[in-house]
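2 protein chains.
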Amino acid sequence: MSSTAAEAGMGEISPDLIVDAMFACRKTAAIKAAIELDLFTLIGDGGTAESLAVATNAAERGVRILCDYLVVNGFLTKTGHQYALTPSSRAFLDRHSPAYMGSAIEFLAAPEILKQVLDDPTSYVRNGGSIGLANMSPDNPVWVKFARGMGSFTGGSAVSLAAEMANLPVPPKRILDIAAGHGRFGIEMAKTFPSAEIVAVDWNSVLQLAKHNAWEFGVSERYKAIPGSAFDVDWGTDYDLILLANFLHHFDMETCAGLLGKTRASLSRDGHVVAVEFVPNDDLVSPPFAAAFSWEMLANTPKGEAYTKKDLTEMARRAGFQDARVKPLPPSPASVIFFE
Amino acid sequence: MSSTAAEAGMGEISPDLIVDAMFACRKTAAIKAAIELDLFTLIGDGGTAESLAVATNAAERGVRILCDYLVVNGFLTKTGHQYALTPSSRAFLDRHSPAYMGSAIEFLAAPEILKQVLDDPTSYVRNGGSIGLANMSPDNPVWVKFARGMGSFTGGSAVSLAAEMANLPVPPKRILDIAAGHGRFGIEMAKTFPSAEIVAVDWNSVLQLAKHNAWEFGVSERYKAIPGSAFDVDWGTDYDLILLANFLHHFDMETCAGLLGKTRASLSRDGHVVAVEFVPNDDLVSPPFAAAFSWEMLANTPKGEAYTKKDLTEMARRAGFQDARVKPLPPSPASVIFFE
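Protein chains in written order, with UniProt numbering: chain G, 1 to 340; chain V, 1 to 340.
Fair warning: there could be bad hints in the mix.
Note: identical chains are not told apart, hence a pair may lie in one copy or across any two.
Claimed, not checked - Distance condition first, Cα-Cα at most 30 Å in a straight line; then the derived BS3-like pairs of lysine-lysine: (1) Lys327 x Lys115; (2) Lys310 x Lys211; (3) Lys224 x Lys78; (4) Lys78 x Lys310; (5) Lys145 x Lys115; (6) Lys327 x Lys78; (7) Lys115 x Lys310; (8) Lys327 x Lys303; (9) Lys224 x Lys115; (10) Lys303 x Lys115; (11) Lys310 x Lys191; (12) Lys145 x Lys224; (13) Lys145 x Lys327; (14) Lys191 x Lys262; (15) Lys327 x Lys309.
No lab work stands behind these hints, which were simulated from the structure alone.
Go ahead and model the full structure; you've got the sequences and the hints to work with.
What follows is the structure, encoded as structure tokens:
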């Protein structure tokens, strides 16, 4: 998650990591405010607290203190009174950049998510999970925030997955995208396979956004939507490719195996089921992002977690597959899983 | 705040810092849960998820995921299924350690503080400050949390300050501790000057704790408490030493100058006024903790911030002093300020 972890083994005694963790929420607050004010885009080729206060219609004092904090934490540089973007901030936080990922904050720091994560973390450790927003109500509005915000975050792995699928011996014609969210995974498939039809399953409110995105990417005439829960809905049969992108980690092994069984029963003769997941090593503490992701699921779901290759293989077998093959999708922290 | 900032200038393009900031709240949640469960103390010389689940009366799954997350973030090590403390976690998070600072989480991640920091960070940037809990009501219960939690956090600078004061040419007899909080600053003075009397000013509920701490440190017979606001209360005159520890940063320049004027008028002929503050350099972006502290004050006060040497000098002059002399108190990020 953070490079600071690397220092841990070194044995130098310092409260720095602890202080950093205790204050860490302030960093989320700062990046959220900066993104909401579109500060990174406005800085562009440079700006002062004074000019940025005018541009954001905010108090100069507030902008100055925020910008200085962003310098301390490595998101901006400062020369005299002039702030500038770091190369990484320019790539990922300037709205004009194709790799812009600022919108992810809308989901990752949504009030209902932060409430769930921070209100009583001890209780979800004690209980081994939380009630989970998504599980409290069907069609929870938080998934619209997910779909709106996280396309930029997982767009990279959607592109990588489509490139990976281009290697299939026979191009898929019918593709099912389960829990489509922003729709990017299915949409990239539609772009890669120009004669394929995409069927997207998700809550109705989310599908409106997925359909809009399909329209924006010019694939809407091949994009069909089936509203409802992936567990209950009848999505039909004869799919050449079924996608489960960032979905399995929300559920326990048994639920995942059941869902995989349902996908297996919906395949065409040479069809494939592939998932996108963060897959930790067997030690459960590496690589950092994938391993840390289980904590995210502990906070936000009743029984979800990031599954290892061993877990995924067991899941596959319970669903009637032979195996689960895992292949990383760098530079994203995600992997593609082939259920075979 | 974090060593990751050091990478910023290097120009390597990566979303890592951004992802880290967006997820940073999860780190605060984890350290809070671990401290509340007293996990670090219980790990002691080692433990497994299974043994720690029994010891904490928590779900093994929850403990395992929390511990793995703490390994990823550098607070624990893992060998096989066995978790162990890092040297820093042993020093600062094991309740048996004299440098234990876990209790700080009670204030730093108090629900009312997190709400203020996270609910709408854009609004306090826009407004150049927040309403501020402390300013919403006199005698706010959050200050009891501060006093309970932060003694361990600022205890180090209290000891350093007392050592510094031991150099005074004439040992002070009457010492005023303004906004005493946990009382540690005054108490360390009482220990250093065995014939001095300490007068502590703070809200009544906070003073109960300060008095309890004075009793624990064996100085209660020389410890007097005056309840009320530092701005309104009549604390008397003829003080040889007046302490303003971690107080000025809550207020604007004018308010600070007014308060300093009030302290100056209460001094004995050779009396001294000293403050403890986080003092950023003139660039306002170094050193990291002091510079980042202004963001904390933007979120939590209407007009507070971390003051530079230049600011403190102006404050001193407005209050009728000649100068403000700043001397760092390593290893803490605080400095002592002599108003002279």
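Quick rundown of the hints versus the structure:
1. In this homomeric assembly, Lys327 and Lys115 never come within 30 Å of each other (Cα to Cα): the closest approach is 34 Å inside a single copy and 41 Å across copies.
2. Within a single copy, Lys310 and Lys211 get their C-alpha atoms no closer than 36 Å, and across copies no closer than 58 Å, so neither meets the 30 Å cut-off.
3. For the homomeric pair Lys224 and Lys78, neither the shortest alpha-carbon distance inside one copy (49 Å) nor that between copies (47 Å) is at most 30 Å.
4. Taking identical chains as interchangeable, the C-alpha atoms of Lys78 and Lys310 lie at most 30 Å apart only when they sit on different chains, with a minimum of 19 Å there against 48 Å within one chain.
5. Both within a single protomer and between protomers do Lys145 and Lys115 lie at most 30 Å apart by alpha-carbon distance, with minima of 15 Å and 20 Å respectively.
6. For a Cα distance limit of 30 Å, the shortest separation of Lys327 from Lys78 across copies, 26 Å, qualifies, whereas the shortest one inside one copy, 41 Å, does not.
7. Proximity of Lys115 and Lys310 under a CA criterion of 30 Å is satisfied in neither setting, with 33 Å inside one chain copy and 40 Å between copies.
8. In the homo-oligomer, the alpha carbons of Lys327 and Lys303 lie at most 30 Å apart inside one protomer (25 Å), although the nearest pairing across protomers, at 52 Å, exceeds that limit.
9. Taking identical chains as interchangeable, the C-alpha atoms of Lys224 and Lys115 are never at most 30 Å apart, the minima being 35 Å within one chain and 41 Å between chains.
10. Proximity of Lys303 and Lys115 under a CA criterion of 30 Å is satisfied in both settings, with 18 Å inside one chain copy and 27 Å between copies.
11. Taking CA atoms no more than 30 Å apart as the test, Lys310 paired with Lys191 passes in neither setting, with 33 Å inside one copy and 60 Å between copies.
12. Only within a single protomer do Lys145 and Lys224 lie at most 30 Å apart by alpha-carbon distance; the minimum there is 21 Å, versus 55 Å between protomers.
13. Taking the shortest Cα distances, Lys145 and Lys327 sit within 30 Å of each other inside one copy (29 Å), while across copies they are farther apart (49 Å).
14. In this homomeric assembly, Lys191 and Lys262 come within 30 Å of each other (Cα to Cα) only inside a single copy, at 26 Å, whereas the closest approach across copies is 72 Å.
15. Proximity of Lys327 and Lys309 under a CA criterion of 30 Å is satisfied intra-copy only: 10 Å inside one chain copy versus 55 Å between copies.
The earlier numbered hints that this structure contradicts are 1, 2, 3, 7, 9, 11.
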